[in-house]
Amino acid sequence: MTTLVSKSRCYECGGTMNGQKGAYRYRECGLTSVTLKDILVYRCANCGAEVPEIPAAGLLHRMIAFRLVCKKKLLTGSEARFLRKFCGYSVNELAEILGSSKQVIWRWEKEGYGPDTERVVRFLVVAKLTRELVGAPSSILKNVSVERLIGDLEETLKMLDENKTRASENYEISPEEIAKFSTGVGEESNELVAVLQ
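Numbering (our numbering), first residue to last: 1 to 197.
Bear in mind the hints are in silico, worked out from the structure with no lab data behind them. In this text, all values refer to a predicted model and were calculated from it rather than measured experimentally. Among these hints, one or two may not hold up.
Claimed, not checked - 20 Å max Cα-Cα, derived EDC-like pairs, lysine to aspartate or glutamate:
id, residue 1, residue 2
1, K73, D152
2, K72, E111
3, K85, D38
4, K7, E50
5, K73, D38
6, K128, D152
7, K102, D116
8, K72, E155
9, K128, E147
10, K72, E132
11, K37, E50
12, K21, D38
13, K37, E12
14, K110, E93
15, K72, D116
16, K128, E93
17, K7, E53
18, K85, E155
19, K85, E28
20, K73, E155
21, K85, E111
22, K85, E96
23, K110, E28
24, K128, E96
25, K102, E132
26, K110, E96
27, K73, E28
28, K7, D38
29, K72, E147
30, K128, E155
What the hints assert, rightly or not - Restraint ranges, calculated between C-beta atoms of paired labels, are given here:
id, residue 1, residue 2, range
31, E155, A57, 25 to 33 Å
32, K110, N18, 35 to 43 Å
33, E53, R119, 34 to 42 Å
34, A45, P115, 45 to 53 Å
35, W106, D38, 35 to 43 Å
36, R119, E147, 13 to 21 Å
The beta carbon of each residue, even a glycine, is placed where N, CA and C say it ideally should be.
Please model the entire structure based on the sequences and the hints provided.
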C-alpha cells in the first residue's frame, strides 16, 4: 500500500477506515484470480473490514467476459458461472436454453463445460455484447465491432479442439486498454489495472 489518501467511518464497527491506493483481490466478481491494482481501498484497523472503490465495474465485467470468450483453453467452472451471470441467466434459464437440467449446470459450474457446450455459451456472451453494441444509443464498449466479436470468437472456437485442457490464464488489463474501450460516460478508467492471474 502507498500513503494514506483518505479516511472514512467503518460501516461495521464505527471505527476509522484508512483509504489507501493499492491492490485488491476482486472476489466479488466470482473469480478468485482477479486483482485490481491502484484503486482506493478503505481498511478498518479495528475490525479488518475492507471497502474498495471499484471504478468502471460495468466496463470491467465486459472486458473480463470478452477475454474469457477469447480464451484458447476450456473455461474453468468459476469462469463458466461468471459468464452465465454476466449474460443474466439463472441456472434454470441456462438449463432450458441448453436443453439440460439445473443439476447438470451446477456440475458444469464446478468442473467446467465440455467443448461443445462451451461453444454455445461463448456464442451467448457474444450475442449479449452484440445486442449492446447494436441496440444501445451509445455502446459501453467503444472500439469493438460486431465483426471483431464474431471473428475473434470464430478463431477461438477453431482452436478449442486442439487445447482440450482446462486452466486459468493470466490477463493484464491496463488503464490504457480500459480507456481504449471506455465510452468515457461516467467511467473513471484511467486509474484501473486488472490482472487476472
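Hint by hint, here is what the structure shows:
1. K73 <-> D152: With Cα atoms ~14 Å apart, K73 and D152 stay inside 20 Å; holds.
2. K72 <-> E111: Given pair K72, E111 holds - Cα atoms ~17 Å apart, limit 20 Å.
3. K85 <-> D38: violated, 26 Å
4. K7 <-> E50: With a Cα-Cα distance of about 13 Å, the restraint between K7 and E50 holds, given a limit of 20 Å.
5. K73 <-> D38: violated, 29 Å
6. K128 <-> D152: With Cα atoms ~15 Å apart, K128 and D152 stay inside 20 Å; holds.
7. K102 <-> D116: holds, 18 Å
8. K72 <-> E155: holds, 9 Å
9. K128 <-> E147: holds, 14 Å
10. K72 <-> E132: Judged against 20 Å, a Cα distance of about 24 Å means the pair is violated.
11. K37 <-> E50: Given that 20 Å is the threshold and the Cα spacing comes to 15 Å, the pair holds.
12. K21 <-> D38: Measuring from Cα to Cα gives roughly 5 Å; hence the hint holds.
13. K37 <-> E12: violated, 25 Å
14. K110 <-> E93: Holds, because 18 Å separates the two Cα atoms, which is no more than 20 Å.
15. K72 <-> D116: holds, 14 Å
16. K128 <-> E93: holds, 15 Å
17. K7 <-> E53: The hint holds at about 13 Å.
18. K85 <-> E155: Outside the cut-off at roughly 24 Å; violated.
19. K85 <-> E28: holds, 12 Å
20. K73 <-> E155: Holds. K73 to E155 sits at ~12 Å (cutoff 20 Å).
21. K85 <-> E111: Holds - the C-alpha atoms of E111 and K85 are around 17 Å apart, at most 20 Å.
22. K85 <-> E96: Holds. K85 to E96 sits at ~15 Å (cutoff 20 Å).
23. K110 <-> E28: It holds: about 17 Å lies between the C-alpha atoms, which stays within 20 Å.
24. K128 <-> E96: holds, 17 Å
25. K102 <-> E132: violated, 27 Å
26. K110 <-> E96: holds, 19 Å
27. K73 <-> E28: Roughly 24 Å separates the two Cα atoms, so the pair is violated.
28. K7 <-> D38: Judged against 20 Å, a Cα distance of about 17 Å means the pair holds.
29. K72 <-> E147: holds, 19 Å
30. K128 <-> E155: Holds - the C-alpha atoms of E155 and K128 are around 19 Å apart, at most 20 Å.
31. E155 <-> A57: 25 to 33 Å: For A57 against E155, whose Cβ atoms are near 28 Å apart, the range 25 to 33 Å holds.
32. K110 <-> N18: 35 to 43 Å: Hint holds: Cβ distance 38 Å, inside 35 to 43 Å.
33. E53 <-> R119: 34 to 42 Å: Cβ of E53 to Cβ of R119: about 37 Å, so the range 34 to 42 Å holds.
34. A45 <-> P115: 45 to 53 Å: holds, 49 Å
35. W106 <-> D38: 35 to 43 Å: Since W106 and D38 have Cβ atoms about 36 Å apart, the given range 35 to 43 Å holds.
36. R119 <-> E147: 13 to 21 Å: holds, 19 Å
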